[in-house]
Amino acid sequence: AQKITQTQPGMFVQEKEAVTLDCTYDTSDQSYGLFWYKQPSSGEMIFLIYQGSYDEQNATEGRYSLNFQKARKSANLVISASQLGDSAMYFCAMRETGTYKYIFGTGTRLKVLA
Amino acid sequence: EAGVAQSPRYKIIEKRQSVAFWCNPISGHATLYWYQQILGQGPKLLIQFQNNGVVDDSQLPKDRFSAERLKGVDSTLKIQPAKLEDSAVYLCASSLGQGISYEQYFGPGTRLTVT
Numbered sequence: 001a002q003k004i005t006q007t008q009p010g011m012f013v014q015e016k017e018a019v020t021l022d023c024t025y026d027t028s029d030q031s032y033g034l035f036w037y038k039q040p041s042s043g044e045m046i047f048l049i050y051q052g053s054y055d056e057q058n059a060t061e062g063r064y065s066l067n068f069q070k071a072r073k074s075a076n077l078v079i080s081a082s083q084l085g086d087s088a089m090y091f092c093a094m095r096e097t098g099t100y101k102y103i104f105g106t107g108t109r110l111k112v113l114a
Numbered sequence: 001e002a003g004v005a006q007s008p009r010y011k012i013i014e015k016r017q018s019v020a021f022w023c024n025p026i027s028g029h030a031t032l033y034w035y036q037q038i039l040g041q042g043p044k045l046l047i048q049f050q051n052n053g054v055v056d057d058s059q060l061p062k063d064r065f066s067a068e069r070l071k072g073v074d075s076t077l078k079i080q081p082a083k084l085e086d087s088a089v090y091l092c093a094s095s096l097g098q099g100i101s102y103e104q105y106f107g108p109g110t111r112l113t114v115t
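Read top to bottom, the protein sequences are chains A and B.
Going by the numbering used here, the residue at position 77 of the first sequence is 77; the numbering climbs one at a time, nothing skipped.
Going by the numbering used here, the residue at position 34 of the second sequence is 34; the numbering climbs one at a time, nothing skipped.
In case anyone wonders, no lab produced these hints; they're calculated from the structure.
Careful: at least some of the hints might be erroneous.
Calculated pairs, DSS-like style, for lysine-lysine (alpha carbon to alpha carbon, straight line, at most 25 Å) [stated by the list, open to error]: (1) B:Lys-62 <-> B:Lys-83; (2) A:Lys-16 <-> A:Lys-101; (3) A:Lys-3 <-> A:Lys-70; (4) A:Lys-101 <-> B:Lys-62; (5) B:Lys-78 <-> A:Lys-101; (6) B:Lys-83 <-> B:Lys-15; (7) B:Lys-11 <-> B:Lys-83; (8) B:Lys-44 <-> B:Lys-15; (9) B:Lys-78 <-> B:Lys-15; (10) B:Lys-62 <-> B:Lys-15; (11) A:Lys-111 <-> A:Lys-16; (12) A:Lys-70 <-> A:Lys-101; (13) B:Lys-71 <-> A:Lys-101; (14) B:Lys-44 <-> A:Lys-3; (15) B:Lys-11 <-> B:Lys-44; (16) A:Lys-73 <-> A:Lys-101; (17) A:Lys-101 <-> B:Lys-44; (18) B:Lys-11 <-> B:Lys-78; (19) A:Lys-73 <-> B:Lys-44; (20) A:Lys-3 <-> B:Lys-71.
Every value quoted in this text rests on a predicted model; they were computed, and no experiment measured them.
Just chain B, with the same shape it has in the complex (with noise of 0.2 Å):
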């Protein structure tokens, strides 16, 4: 069964830049989740999907973050613009379904630095 793909690994910008980050889920799984993750912290969630709706995304910065998830299977995420307090870990995750006995599985994930 292949895991959870997310591209590219590594990204470099520049602040006030955009970047977009894609995440392809293991299939099958209908809930979707983005993470951000500074370093030497636990990861934060910033948007859940189930299927293609939004969930939750009380920790998404809205005006600089957005997220999409067409047709319930991969998802994107973009920021734009950049700040240099967006340098993280973007990691993504997907589960069978919301209930709370479901784990997660992670994708490698996206690590993000800003200039």
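So that you can see chain A by itself, here it is in the shape it has in the complex (with noise of 0.2 Å):
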């Protein structure tokens, strides 16, 4: 069954410092895409990277890269030198080429301390 997990609910890191948010996965599909979201306090689900189960590279998308281990079905989110804006949750999603459901993870809340 299709499921993502994301087993830190809080993170805390200091300013200009790197942090990793994990997420794990689960599904028979061989064909799927991995997803980060950041919410704000404001509340708009803002897109930040995508990895496709075939992608060879990880993705990056400036400070933001994915580090995908697909035997381990893990896709792990770093942000690079945080700032006091990256405070927010952070959500993990999946999508099977199957069913094109969406499913979304927990979240993660991450504090940047000036």
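Using the hints, put the two chains back together into the complex; each one sits in its own frame.
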């Protein structure tokens, strides 16, 4: 069954340091997409980064990179040089080819400290 | 490019009353989603449309929730009658299509409080 697990309910990081947010997934499909979204306190979900299951390179978007380990079924988000504006909830999500259904994890609340 | 529009932003109703939410997706986006996000949880998909057809409504409580997407553009989600446990943020999102690489664009959400 399709499932996303985020085991860190909350994380703290010092400004300008890097932080890794964990995400593991479960699927029986060979073709799927993995996403990370940011949800600030304002409530609007913002797309950050995408990784396809057949992509050989880890995805990067500016300060965001996705550490994709297919055999371990993990898709961790790495934020480099954290900024105060990075404080938010972060959700990992997956979409399978078979169902086209999106599912989201429970989220990790990140707090960046000055 | 205009984003996903939702209204109202906030709504307070009493239990057993009805309520409707409206969503206008990004122009050209064929796929539209309604999510329910309870405080402290991730979004839960209620219904997914491809153009004006329903792709998935397996988690929609059909005895009280209904949704439509007339003409394949904007959409309305209705709750009738509302229960206390329906208190949540209702998010609308859209994407270009159903391909696995298509990211979703979200609206600001409607915060519903049922008293």
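Results for each hint:
1. B:Lys-62 <-> B:Lys-83: holds, 14 Å
2. A:Lys-16 <-> A:Lys-101: violated, 36 Å
3. A:Lys-3 <-> A:Lys-70: Cα-Cα ~15 Å, so holds.
4. A:Lys-101 <-> B:Lys-62: Given pair Lys-101 of chain A, Lys-62 of chain B holds - Cα atoms ~18 Å apart, limit 25 Å.
5. B:Lys-78 <-> A:Lys-101: Given pair Lys-78 of chain B, Lys-101 of chain A holds - Cα atoms ~22 Å apart, limit 25 Å.
6. B:Lys-83 <-> B:Lys-15: At roughly 5 Å apart (the allowed maximum being 25 Å), Lys-15 of chain B and Lys-83 of chain B satisfy the hint.
7. B:Lys-11 <-> B:Lys-83: holds, 14 Å
8. B:Lys-44 <-> B:Lys-15: Holds, because 22 Å separates the two Cα atoms, which is no more than 25 Å.
9. B:Lys-78 <-> B:Lys-15: Given pair Lys-78 of chain B, Lys-15 of chain B holds - Cα atoms ~14 Å apart, limit 25 Å.
10. B:Lys-62 <-> B:Lys-15: The given pair, whose Cα atoms are some 17 Å apart, holds under the 25 Å limit.
11. A:Lys-111 <-> A:Lys-16: holds, 12 Å
12. A:Lys-70 <-> A:Lys-101: holds, 20 Å
13. B:Lys-71 <-> A:Lys-101: holds, 22 Å
14. B:Lys-44 <-> A:Lys-3: Since the Cα atoms of Lys-44 of chain B and Lys-3 of chain A sit roughly 12 Å apart, the hinted pair holds (cutoff 25 Å).
15. B:Lys-11 <-> B:Lys-44: Measuring from Cα to Cα gives roughly 20 Å; hence the hint holds.
16. A:Lys-73 <-> A:Lys-101: Holds: Lys-73 of chain A and Lys-101 of chain A sit about 18 Å apart, inside 25 Å.
17. A:Lys-101 <-> B:Lys-44: Within the cut-off at roughly 11 Å; holds.
18. B:Lys-11 <-> B:Lys-78: Measuring from Cα to Cα gives roughly 13 Å; hence the hint holds.
19. A:Lys-73 <-> B:Lys-44: Holds. Lys-73 of chain A to Lys-44 of chain B sits at ~22 Å (cutoff 25 Å).
20. A:Lys-3 <-> B:Lys-71: violated, 33 Å
The structure does not agree with the numbered hints 2 and 20 stated previously, though it agrees with the rest.
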